[in-house]
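**Student:** Spelled out, the chains give:
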Amino acid sequence: MKLNTKSLLALLMAGLALIPLSLSAQKLNLPAVKRAQEPNGMRTVLMEYPRVPSITLMAVFPAGKATDPPGSAGISEMVATLMRRGTLSRTANQISEEIDFLGGTLGVDAGTDSIIVSLSLLTKDLDAGLDLFADVIRNSQLPEDELERERKLALAGLQSIGEEPRAVAGIATPQFSYGDHPYGGTQTLSSLSKITRESLLEYYKQSIAPNQMILTAVGDFKAEALLAKIRAKFGDWKSADLHINDLPKVVSKPAHNVLIDKPDATQTQVRLVRPGISINHPDHFAAAVANTILGGGFTSRLTDEIRVNRSLTYGIGSNFQEHLLGGVFQISTFTKVTTTKDILKATKDVLQKTADQGFSEEELRKVKGYMAGLFAISAQTPGALAAQLATLERNGLPKDYLITYLQKIQAVTLADVNRIAKTYFKPESFSILLVAPAKKIQDQIKPFGTFEIKTVESLIK
Amino acid sequence: MKGLRHSPFLVALGFLWLSTTLSAQTLPNLNVQRIKLKNGLVVLALEDHTVPSISFYTLYKVGSRNEHPGITGLSHLFEHMMFNGSARFKPKMFDRLIEAGGGYSNAFTTSDTTEYFEEVSSATLDTVLQLEADRMRALKLDSENLEQERGIVKEERRVNTDNTIPGSMSELLWNHAFLAHPYHWDTIGFMKDLDAIQVADARAYFKIYYAPNNAVVVVVGDFKTATLFAGIRKHFEDIPAQATPRAVVNSEPLQQGEKRILYYRPAELPAIHFGYKIGNNHDADDPALDLLSSILSSGDSSRLYKGLVYEQQIATEVSAGNESRLDPGLFTFYAQSAPNHSIEEVEKAIYNELEAIKTKGVTERELQKAKNARLSGVIGRFSTNLGRAGLLATFEAHWGGWKRLYEMTSKYEKITQADIQRVAKKYLNERTRTVILLRPEKPEGAGQ
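Protein sequence lines, in the order shown, are assigned to chains A and B. My numbering puts the first residue of the first sequence at 1, with every later residue one more than the last. My numbering puts the first residue of the second sequence at 1, with every later residue one more than the last.
These aren't lab readings, by the way, just hints derived from the structure by calculation. You may find that some hints are simply not true.
Stated by the list, open to error - Now the in silico label distances, taken between C-beta atoms and shown as ranges:
#, chain 1, residue 1, chain 2, residue 2, range
1, A, ILE403, B, GLY70, 42 to 50 Å
2, A, LEU88, B, PRO339, 31 to 39 Å
3, A, LEU242, B, HIS398, 52 to 60 Å
4, B, ARG404, A, GLN357, 53 to 61 Å
5, A, LEU397, B, ALA200, 54 to 62 Å
All C-beta atoms, glycine included, are put in the ideal place defined by N, C-alpha and C.
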């Protein structure tokens, strides 16, 4: 059924149950985590969570965009897609049929710093699911005919991306944010046409190996019993000799505005981006708190001013995108073409005021309560917990990250968030990306500096 | 606001189960307490002390089917206005009180219903009772509130309907499939109606539809029922009842031939969206149609994906959906053709798949797969406080009593292969079909 709603994000959050926890103690009472390492280098991180008779497993590998070879953006994405399209003993159709019949999900996703293979299903189906999961990880053939099929689909996807301004902004943002760094890469017509099965197999061999794998599992199981099953499936997998390259850090770029021409759009998509921090940065928690006051929730400064006071948009939000090699701070929103200037000015005014004057004690107190509640809600399901564990293990975050999160948030001071505001929220430090009909907004955007005008075709070629 | 369809939260939703025993076939008994106040407000309470949290859910029996030409979109616009202040609470206080307490609120509107919810800590129950009762009694309905949300909702329309092809084609399909029934318009409303709606329209709407006798309140979570009911009586009982809203008349004439609509707009690839007339969501055939849509398009192993996208490679995407509603709705299909393949070729391939089901039926394994997926989905919703609250509210408001929710699994278990074949033959009939064909144009000179 089609829904029209106050806000999409919160609606998604709303499906989650809560587990027992005491926020007043500033500590999330999560079940203990059991870690182990196998002779072949594989590491396991298991959390028994018996409240629900289901299990999520996630195998995380250091791969993803960060390791796409230069000029070959999208290799990791293609490897991820093809991993569930045929193994030594199963065709793509057999894999789909088996997981669909169980009513479960089996996914392979390439991210910025990782490839994650995930399996979610009911406990009673664990053996069947684990067999499929291990097969996809260990025995993928990345078949040639599947590559051709997927290449055609991806090319068609690129061809039609210009139909929706939001999608155009989506493919333009990585390069706009990270430039020539591998994080800035996206699949293009030329990068897709260059992909060969050999290049995929080489990437797969270098990335998907037991000595690279961290396996997290959360759900209804006994850790000892699950570990025995995991060993039976992965114990004889031989570790690989890997040549691991040093990866380049993200380099900050000076502000540079881009306007992508979309002549028929009736709404302007707006992204403001500036250099941010890596996920291991000491400012991680202070940045999270400052960001939430500025651009998280319905009472944030940006939502209050741009949506509630000015009715310029249906949604505005901000976030620190934190990765291993660096990150950016980003604001996203949209408005009708004729108010493009107004939304840019109003957003910059909020940033200027925040950078100049900082936050209040009252805002800080309230946001801590809000973040504590949302964190508890967001860490309730086996799937969400397994993902959290995978993220913190992959990024080398402290092992007690989840259970001390509330304390760390609580410890953030007004001086901390005001320092973040001064460092990261100065309006002149942002680059502006717009997707809009160029002719109709050129006069409006003059006050914001010069814009490089690009076509949608130039983004995908 | 941004594309969140692939959020990990959504993936997780299908796999949540209750701590209580749940067999694969039955739902657990719920110890629901029900009261009806003198003003007609029905309140359901379900204690669950697993977590120190409460889901507070309010359903109003109103949606865009209760609108008329000139005020289309008002139900949804009104939903937005519900957060902007009431007699005792100034604008902005609603979200501030909820968020500062570590919770959140939201709402949604469909053609049939408008639903509001808060998830808060147990200690915040009384605050929520006051906020919800005050806005039911005395929402601040003035031009300041209306003008604020008018602009926001128009942006919502631009981002989700006007500037997306599936969104605009969905609106067009219902525009053309229905002539007389209010399903003729989309819940978001026509842009010019959004401009024209007046405060007086909102006031009239509030009086008729936001009356206690037109609402159901459901509370699930960590509270004592006696305390809750005392609080409900204190805050809600003196809100006056109103006359029963007039029933929606279904004046839709019988469709006696296919309608084909050509839709020209800037686009790269052709697409098709079409629907067949079906019964309402209380119809005995509705569960079989749900399973049919799953067999056709849920997962990579479904008939349409496997046939058109994977094997023939003539479409980039394809989907089917049983869009049944309180009044008769549509069974719909959407597809985008692959480069160098015509949309007519895709259309024909879909009809061939439907013909195969009509003549040969589906396999036992396909049917079981659809039932397994269905059960996962139902159980998933059933296992959270908020999910149970929403289901209880829906069944209480629209199905003649919350206990009917137990049928959500049993009536699917009974469906046979013959049922699937029968409903395919009965409903997927070209004479009641409405087809929207997207004809791509170059952007230059197009649109406004």
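**Student:** Please go over all the hints and tell whether each is borne out by the structure.
**Tutor:** Quick rundown of the hints versus the structure:
1. In this structure, ILE403 (chain A) and GLY70 (chain B) break the distance hint of 42 to 50 Å, their C-beta atoms being roughly 57 Å apart.
2. In this structure, LEU88 (chain A) and PRO339 (chain B) meet the distance hint of 31 to 39 Å, their C-beta atoms being roughly 33 Å apart.
3. Taken as a hint, the range 52 to 60 Å holds for the pair LEU242 (chain A) and HIS398 (chain B), whose Cβ atoms sit roughly 59 Å apart.
4. ARG404 (chain B) and GLN357 (chain A) have their C-beta atoms about 56 Å apart, which keeps the hinted 53 to 61 Å range intact.
5. Taking the beta carbon of each, LEU397 (chain A) and ALA200 (chain B) are about 56 Å apart, inside 54 to 62 Å as hinted.
The structure fails hint 1 only (numbered hints given earlier).
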